[in-house]
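Engineer: So the chains spell out like this:
There are 2 protein chains.
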Amino acid sequence: MTRGNFILKGDIAWSKDPKTIETKKGAFLVCREGKSAGVFQHIPGEYKNLPVIDYSPALIIPGLTDLHMHAPQFGFRALGMDEELLEWLNKRAFPEEDKYADLAYANRAYFFLRENLKKSPNTRIVLFGTMHVKATVLLMKLLEESGLVCLVGKVNMDRNCPDYLREKDAAASLAATREWLLECGNGAAGGGGKVRPILTPRFIPSCSDELMEGLARLQKEFSLPLQSHLSENRKEIGWVRELCPKSDSYGDAYAKYGFFDGKAPVVMAHCVWSDEKEMELLRERGVYIAHCADSNTNLSSGIAPVRRFIEMGVPLGLGSDVAGGTHISIFRAMCDAIKVSKLRSVLVEPDKMPLTVEEAFYLGTAGGASFFEKAGFGPSGSFEAGCELDALVIDDRTISFLCDLSVRDRLERVLYLSDERDIKAKYVQGGEIETR
Amino acid sequence: MTRGNFILKGDIAWSKDPKTIETKKGAFLVCREGKSAGVFQHIPGEYKNLPVIDYSPALIIPGLTDLHMHAPQFGFRALGMDEELLEWLNKRAFPEEDKYADLAYANRAYFFLRENLKKSPNTRIVLFGTMHVKATVLLMKLLEESGLVCLVGKVNMDRNCPDYLREKDAAASLAATREWLLECGNGAAGGGGKVRPILTPRFIPSCSDELMEGLARLQKEFSLPLQSHLSENRKEIGWVRELCPKSDSYGDAYAKYGFFDGKAPVVMAHCVWSDEKEMELLRERGVYIAHCADSNTNLSSGIAPVRRFIEMGVPLGLGSDVAGGTHISIFRAMCDAIKVSKLRSVLVEPDKMPLTVEEAFYLGTAGGASFFEKAGFGPSGSFEAGCELDALVIDDRTISFLCDLSVRDRLERVLYLSDERDIKAKYVQGGEIETR
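Each protein sequence line maps, in turn, to chains A and B. Counting in numbering that gives the first Met the number 0, the first sequence runs from 0 upward without gaps. Counting in numbering that gives the first Met the number 0, the second sequence runs from 0 upward without gaps.
Chain A with its partners taken away, still in its complex shape (with noise of 0.2 Å):
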């Protein structure tokens, strides 16, 4: 078969909108440049001669998106639960992240992330890689080979952090900033690959002003995506107010430095304890939230308001946030938002309504696929005509054993039930890449 150009058959699920999951059984996904031509019911006359591949009676759903993760977290995930972000930050991550000053070390390790993304369900992926200019381009070049689409970051900090991690000084760090976006060959937004570079300063607490400063001129400069930590603790709100006096938030002290000024997007992890100013600031700067339900709850950082931020309409992804969370899936965050959602509205606001499955699948497949659209790939997460073509093949035939199920029920088990051994096929940009 030409690469691309195909037809899947089986029972197709896919977010119409977030209130809406749309299902045609026993359909017909057609694959033309990598890009969906549609789902029909029967073989247009048109596309007659492309080969059918029969998946029927699995699931094809889009591919998710996961906008927040940590590479090199993922070796040491589920360890030290029982500690709160900093404390977690310090005895956990740090040391672990400064292992990748070796390349070997580094090859190793993200070998074996590399290989269970391509298990996973997702298809699009925003990591955090570390401050270590090699490390990060070899970490996009492994990822290159997978076929999935991602944008990563070599992380900057040159404060408050061990020693052996910080970078010298602000113009150290832009420097080797510099260093890495010529090494990836990628400096400018749209190179063609679909590993792609995402500007990285850590959070506030780590960055100078002067680091910032600089690096939202970088940001202008290459118009490069951007990504970061805000208002996920407490305790790391209070920090930052004493850090930046002059804001209004933490938000706003982002702002001032001048990141949400550029033309490519901006995405924030967690926003747990972001106030009503915050929020909107967020929106009307189309600052994107990736909601980390997992890693709020294990850090106990606690529940954002993800029913508020849909309200007032701020863009909206999911994150695993590995390796605060545990787990990379992002059917697990789908579930994991839904279910933390329930518990805010039972503790804390009764007169907000829970997630429901339909909007958490769209926010962890066409929601967050938004950001990479806006990050300069095609547009994603959804099966309408002209979304490059992530599709994701369940056989949940073991799942849904006993029951004869609409296509939408079996979705909702998918979510909490499936794991990677159910996933047959995965598809990204019209291409498909190994699962085994």
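It should be emphasised that the hints constitute simulated quantities derived from the structure, not laboratory data. Accuracy of the hints is not assured; some may be wrong.
One copy or two, either will do: identical chains are not told apart, so a pair holds if it fits within one copy or between any two.
Capping the alpha-carbon separation at 25 Å, the derived lysine-lysine pairs in DSS-like fashion look like this [stated by the list, open to error]: (1) LYS133 / LYS193; (2) LYS34 / LYS15; (3) LYS140 / LYS373; (4) LYS15 / LYS255; (5) LYS118 / LYS423; (6) LYS90 / LYS351; (7) LYS133 / LYS34; (8) LYS34 / LYS423; (9) LYS262 / LYS90; (10) LYS255 / LYS245; (11) LYS47 / LYS373; (12) LYS423 / LYS18.
Just so you know, these numbers come straight off a predicted model, no measurement behind them.
Based on these hints, arrange chain B on the given structure of chain A.
Structural biologist: Frame of chain A; chain B shown alone:
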């Protein structure tokens, strides 16, 4: 090898007490007549002739205990998860339970459940059946063949439930209960089987006063353990207040029926909204709580005050509560218990510390296992000498890749990351059971 007389070698871990996980690397767990004779770094002379099964470098830990699950709900777990308790019961649980009037359906569904339980890390399980005598006897027979230790209840319900599931009246329900006790051949506690009966009034709203009083008499006549639901949901508590106007609390209503006076133990699922007085009543009468964190989250019930239960000394174990919960594994229940305790601490009670890995592991092993001891089985849930030997052999090599970890830290990762594929062998009362 003589059944029940052997030695297991591996990296061994068990709860010494709620705060301490004892570990021994490359050690020997001696099994004599189905019971632990202790864990040794070198094989004592008196056991030199026992066969050694070397599972190194696998972990060996006690089997897990599920104090609450609904056997007929396994087939439809992870469906209708956007609904609250009473809606979900009427739309999902009751129509499904009705199908168990058909023994062919019951056989198919319970066989499927049984095969999944064998593969799971659980070795002792307390289950609700349905109100059907024949189907419940069939479930007990299927479970007896598996080698798992189980307490199984025929459900009683004679009001406030759909006509198709309601027992005609209290007398009919009590007669059916006697018939069930006779048919399962195990009416008196201490009957020798691995699977034994437990009285199971569904909950106060679905049982008339006359039925409850009759069941309390049966409980004493046969010295039977008993299970039910308590204070799961605020609407439900309001309903019980209307139904039992003379009782101080939902728990007090059970006490007034006489359920808390028997010799055999009682386990109540949930207790999410128990107040101090109800908790004190449970503690005083030695009533067990089955803490079901996943279910309480999924059904928007809330977060149970587990730290307070522990401080007060209420006997406590974990429950999967399938299908309010979606997963049978008590590893998952341990992690869920830790996670929701963190959210309760952040959002409700900052002065209450979250559960630790040590505590959750204790609750899911020795904590829950003590219920079975009170119900007439031997002690279990630990490897202290004299305990019935329930053991899991877990090959965690894929999980622990990249890290050189202590046995305790490997165990933490197993809680969060393992699944049934990692279980290499499983022993119950000193006998190996099939997990493939």
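Engineer: Confirm or reject each hint.
Structural biologist: Here's how the hints hold up against the structure:
{"no.": "1", "hint": "LYS133 / LYS193", "verdict": "within (19 Å within a copy, 60 Å between copies)"}
{"no.": "2", "hint": "LYS34 / LYS15", "verdict": "within (17 Å within a copy, 58 Å between copies)"}
{"no.": "3", "hint": "LYS140 / LYS373", "verdict": "within (23 Å within a copy, 60 Å between copies)"}
{"no.": "4", "hint": "LYS15 / LYS255", "verdict": "neither (37 Å within a copy, 54 Å between copies)"}
{"no.": "5", "hint": "LYS118 / LYS423", "verdict": "both (10 Å within a copy, 23 Å between copies)"}
{"no.": "6", "hint": "LYS90 / LYS351", "verdict": "between (37 Å within a copy, 23 Å between copies)"}
{"no.": "7", "hint": "LYS133 / LYS34", "verdict": "neither (34 Å within a copy, 56 Å between copies)"}
{"no.": "8", "hint": "LYS34 / LYS423", "verdict": "within (20 Å within a copy, 44 Å between copies)"}
{"no.": "9", "hint": "LYS262 / LYS90", "verdict": "neither (37 Å within a copy, 49 Å between copies)"}
{"no.": "10", "hint": "LYS255 / LYS245", "verdict": "within (9 Å within a copy, 63 Å between copies)"}
{"no.": "11", "hint": "LYS47 / LYS373", "verdict": "neither (34 Å within a copy, 69 Å between copies)"}
{"no.": "12", "hint": "LYS423 / LYS18", "verdict": "neither (27 Å within a copy, 43 Å between copies)"}
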